[in-house]
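Q: What follows is the residue order along each chain.
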Amino acid sequence: MADIMTPALGESVTEATVARWAKQAGEAVRKDEILVELETDKVSLEVAAPADGVLAEISAAQGSTVTPGAVLGKITEGAAAAGKPASAATAPAAQTPKPAPAPAKAAPAAAPVLAPSAQRIVAENKLDAGALKGTGKDGRVTKGDALSVLEARAAAPAPAPAPQAPREVHEREERVRMTRLRQTIARRLKEAQNSAAMLTTFNEVDMSGVMAIRAQYKDVFEKRHGVKLGFMSFFVKAVVHALKQVPDVNAEIDGQDLIYKNHYDIGVAVGTEKGLVVPVLREADGLGLAEIEKAIAALGKKARDGQLALEDLQGGTFTISNGGVYGSLMSTPILNAPQSGILGMHKIQDRPVVVDGKIEIRPMMYLALSYDHRVVDGQGAVTFLVHVKDAIEDPQRLLLDI
Amino acid sequence: MAQYDVIIIGGGPGGYNAAIRAGQLGLKAACVESGPTLGGTCLNVGCMPSKAMLHASELYEAAGKEFATLGIEVSPKLNLPQMMKQKADSVTALTKGIEFLFKKNKVDWIRGAGKIAGPGKVEVTGDDGKVVTLEAKNIVIATGSVPSGLPGVGVDQKRIVDSTGALSLPEVPKSLIVIGAGIIGLELGSVWRRLGAEVTVVEFLDRITPGMDAETAKTFQRALTKQGMKFKLGAKVTAAKAGKANVKLTVEPVAGGAAETLEADYVLLAIGRKPYTEGLGLESVGITPDKRGFIETDHWKTSAAGVWAIGDVTLGPMLAHKAEEEAVAAIETIAGKAGHVSYGLIPSVVYTAPEVAWVGKTEEELKAEGRAYKAGKFPFAANSRAKINHETEGFVKVLADAATDEILGVHMIGPNVGDMIAEYCVAMEFKAASEDVARTCHPHPTRSEALRQAAMGVEGWTMQA
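From first to last, the protein sequence lines are chains B and X. According to the numbering used here, the first sequence is numbered sequentially starting from 1. According to the numbering used here, the second sequence is numbered sequentially starting from 1001.
Watch out, some of these pointers could steer you wrong.
Derived contacts from chain B toward chain X, CB cut-off under 10 Å, selection only [what the hints assert, rightly or not]:
id, residue
1, Ala115
2, Lys137
3, Glu151
4, Ala154
It is worth saying that the hints were derived from the structure and are not from the lab. Keep in mind it's a predicted model, so treat the numbers as computed, not measured. Yeah, the Cβ is synthetic: ideal placement off N, Cα and C, and Gly gets one too.
Based on the sequences and whatever the hints tell you, model everything.
A: Dropping the structure here:
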């Protein structure tokens, strides 16, 4: 019997949710065949069969939470599947060579005995009875034991709101569990809002300069570098340039201190089916436009394929979010904590603008910079955004570093 | 020379239970008892005969005073010799029961006075003066206690009696003075009051039943007073002079003031008991009892190797069930098992009517410890069964930790509470919270429901009062 184990999930990731089993108990599996998909706070990952044989037992059902090293299931090595591979609908257990023992039989030996009061506290507060330590006779869990767990939970740094009974789902409504990714997004966005003194400054940029360069060199560029010349590379360049001018925006708060970062790792928000992820473009200050375009394309593909590794997501110093691809004209992005700034790009729209005393039609984009006012003051934020605007409107400034 | 694993000196509740447990565990055991029967003070001249008299006298009084209200018209006539005889018969049956249990568990009963004669040796002097020496790997001292004396008050067992004498008075006194408002004095005082004596209790302290929760003691004293018992608290007896038909007592207020003379047919001296360790040969193994005569022990082991002590000769409450508990623990320890006594959970019971029972800490003790506690109280007047039975006096009081809700003490006065306290003994042994009892189904209609309602009261949800 070979155990299917939960692999290491990466730095600072302690648990994962079982997203999907590709096989049913009783089905034949081959070594290295993908058996189960796990979701962590940051990425999803696949676990392959450690041996040839039959999937004998699924220990961690879909939706359950596992920690690294936890057994997900068992494979009877070398065994052939009994009869036809189980179709998903038929009772898979019946075909399991060695049926998993009913959990009810195995459990009582380990389950602690709870006093009636402790039972109530566990039920009302949805505590994990298995995790309670009993100080009563023969390890029984007393009311005091249950209360101390409650107290510890109440004293935890981020007190969870009192659990509410799930509300009834009405007709034409559907209850869907939030994925881990969604939960993490929700939590982190709220954390950012709760900790940072966040506000947004706006500007607009005339895209005609960049668009002209793009029109002129599009084909040559693609031929030469094998990647399309987009606007994002210009913005990354412009942002790095602006960050160098206004280092506060590239800093973060650590306790009583500020940490200034002289490396420029730019997170580029990418929309995927499951939600927004922000892979990081490393050392962006050392990259040319072509390298930036290639790197962004690679990260975007990885994100859409669900192949992003944890390292791809960690350690950004500033983030660019482009709501324009969905048509957004104006928005106030939320910081990606602990970063102190995020640039919002928007839809390019032809608008009448006054140029040299005359009204002209120009391709315009609104820019938004949300920043942590604890780190960046108003002047810095506005200066930063003006730098970005200037560099986009006149890309030669990037060349001259002015 | 007979060789034993364990020789137990004393055949009372400590000794006989130790002997039985030793037999059960396959130890070769002997129990040395100097009295003519097994059972010690408890069975012969203590708990058992007093309960026989309490039961009979309670019914006698009820027949005369309460039956009429139930629609039963009788004029009871006391037959004291018969009452004494039924008491003696019960006691005999019980002591024979111990003999049977000894045989069943292959324990030798050695008749005679036991004395330690050096390590591993016990000398037994029989009634005929013959001395036998026995050898044992372990000697357990379980010689119990005897009534304490009081300077100036000479017990003659005729007019001035101790608890033993008070169980066998030849007549119902017209008047009886009880010296000492402890459990024994109040129980035996109640017996004779019910049978017709005028009873006055003289107590040195300014309260009755020291050690009892103060609120409970106050309620108890009120109940006894209502029944006709008189109390003279804060009074010190300095002299007693027995005449042919009466006793004259000299009593002084403890606070100071003029002495007075009290007169009664009989005087019962019941100011407590002292350990019985004289003539035991303790010096032969180097054991020196403390000033009051107690043998100090560490988990029932004395300072001498192979010598153990349990029951009234050791510190702690002088109660048969405490001795029994220690007997089991000591023998199990001797047998290599994990003997254990929960000293904080030894219940106390006063078998009067109403009964009083308690276990754990009193409110006074909790306050002195500075422990935050919550109290729940339920009166028997609100209990349906008690009401039906016209026994509405008293209450149940539950004290629980303010934070963890663990039950810390239970104090009850009322009908049958001596039996019902066992529920809380079990609960507390399991470290139960008051809520655990509050959430345990109790049969209706019973007086035990009052126990649950009081537990509910700790968290403020008593439903029936």
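Q: If a hint holds in the structure, say so; if it does not, say that too.
A: Verification of the supplied hints:
| no. | hint | verdict |
| --- | --- | --- |
| 1 | Ala115 | holds, 5 Å |
| 2 | Lys137 | holds, 5 Å |
| 3 | Glu151 | holds, 9 Å |
| 4 | Ala154 | violated, 13 Å |
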